[in-house]
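Asks: Sequence:
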Amino acid sequence: SLSAIREAVLQIRATKFPDLHIYGTAGSFFTNPIVSKKEAERILALFPEAVHFPEGEEVKFSLAWLLDNVLHVKGMREGGAMVWHAQPLVLVAEKNATAKEVHALAKKIIALVKENVGIEIVPEVFIL
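For the sequence shown, full-length UniProt numbering gives the first residue as 1, with consecutive numbering after it.
Please keep in mind that the hints were generated in silico from the structure rather than gathered at the bench.
Just to be clear, a hint being listed does not mean it is correct.
[As the list claims (entries may be wrong)] Heads up, simulated DSSO-like pairs for lysine-lysine below, C-alpha to C-alpha not over 30 Å straight-line:
1. K114 <-> K37
2. K74 <-> K37
3. K108 <-> K74
4. K95 <-> K108
5. K108 <-> K38
6. K114 <-> K38
7. K107 <-> K74
8. K114 <-> K100
9. K60 <-> K114
10. K107 <-> K95
11. K37 <-> K60
12. K38 <-> K100
13. K108 <-> K60
14. K114 <-> K74
15. K107 <-> K37
16. K38 <-> K107
17. K95 <-> K60
18. K100 <-> K74
19. K95 <-> K74
20. K100 <-> K37
21. K74 <-> K60
Keep in mind the model is a prediction, meaning the values are calculated, not measured.
Please work from the sequences and hints to get the whole structure.
Replies: Put into structure tokens, the structure is as follows:
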């Protein structure tokens, strides 16, 4: 039934996302990268198990998989900002975190992906 599906989705989300009464978050911080087929072949040669999907004439990679299995960023911190332990796409801000710390953490992750995977990732959130 629809209510059973809704309840299942809410249960899954509850295990992946922080308690909003404790942490601030914008949810999923980055978009999944979409690359050319040639670039996908290069990435898959390095990381054959990388989760990916066809996206028209291009290929979409699961950034969560790359962050978790290649870069191991869960728990990475920058002051009061950190990567959520249950979902590497989610950046959280503790009560003492500054916007500068969240932005610095995001930039650190962007640089790690570029250095280790060779692709540019972009935030899904709008940064003022």
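Asks: It remains to establish, for every hint, whether it holds in the given structure.
Replies: Results for each hint:
1. K114 <-> K37: Since the Cα atoms of K114 and K37 sit roughly 18 Å apart, the hinted pair holds (cutoff 30 Å).
2. K74 <-> K37: holds, 29 Å
3. K108 <-> K74: The hint holds at about 13 Å.
4. K95 <-> K108: The given pair, whose Cα atoms are some 21 Å apart, holds under the 30 Å limit.
5. K108 <-> K38: holds, 26 Å
6. K114 <-> K38: Holds. K114 to K38 sits at ~17 Å (cutoff 30 Å).
7. K107 <-> K74: Cα-Cα ~15 Å, so holds.
8. K114 <-> K100: Answer holds: K114 to K100 is near 21 Å, not above 30 Å.
9. K60 <-> K114: Holds, because 16 Å separates the two Cα atoms, which is no more than 30 Å.
10. K107 <-> K95: Holds - the C-alpha atoms of K95 and K107 are around 21 Å apart, at most 30 Å.
11. K37 <-> K60: Holds - the C-alpha atoms of K60 and K37 are around 10 Å apart, at most 30 Å.
12. K38 <-> K100: violated, 36 Å
13. K108 <-> K60: holds, 22 Å
14. K114 <-> K74: Given pair K114, K74 holds - Cα atoms ~18 Å apart, limit 30 Å.
15. K107 <-> K37: holds, 26 Å
16. K38 <-> K107: With a Cα-Cα distance of about 26 Å, the restraint between K38 and K107 holds, given a limit of 30 Å.
17. K95 <-> K60: violated, 34 Å
18. K100 <-> K74: holds, 19 Å
19. K95 <-> K74: holds, 19 Å
20. K100 <-> K37: violated, 36 Å
21. K74 <-> K60: With a Cα-Cα distance of about 22 Å, the restraint between K74 and K60 holds, given a limit of 30 Å.
This entry does not satisfy hints 12, 17 and 20, going by the numbered hints stated previously.
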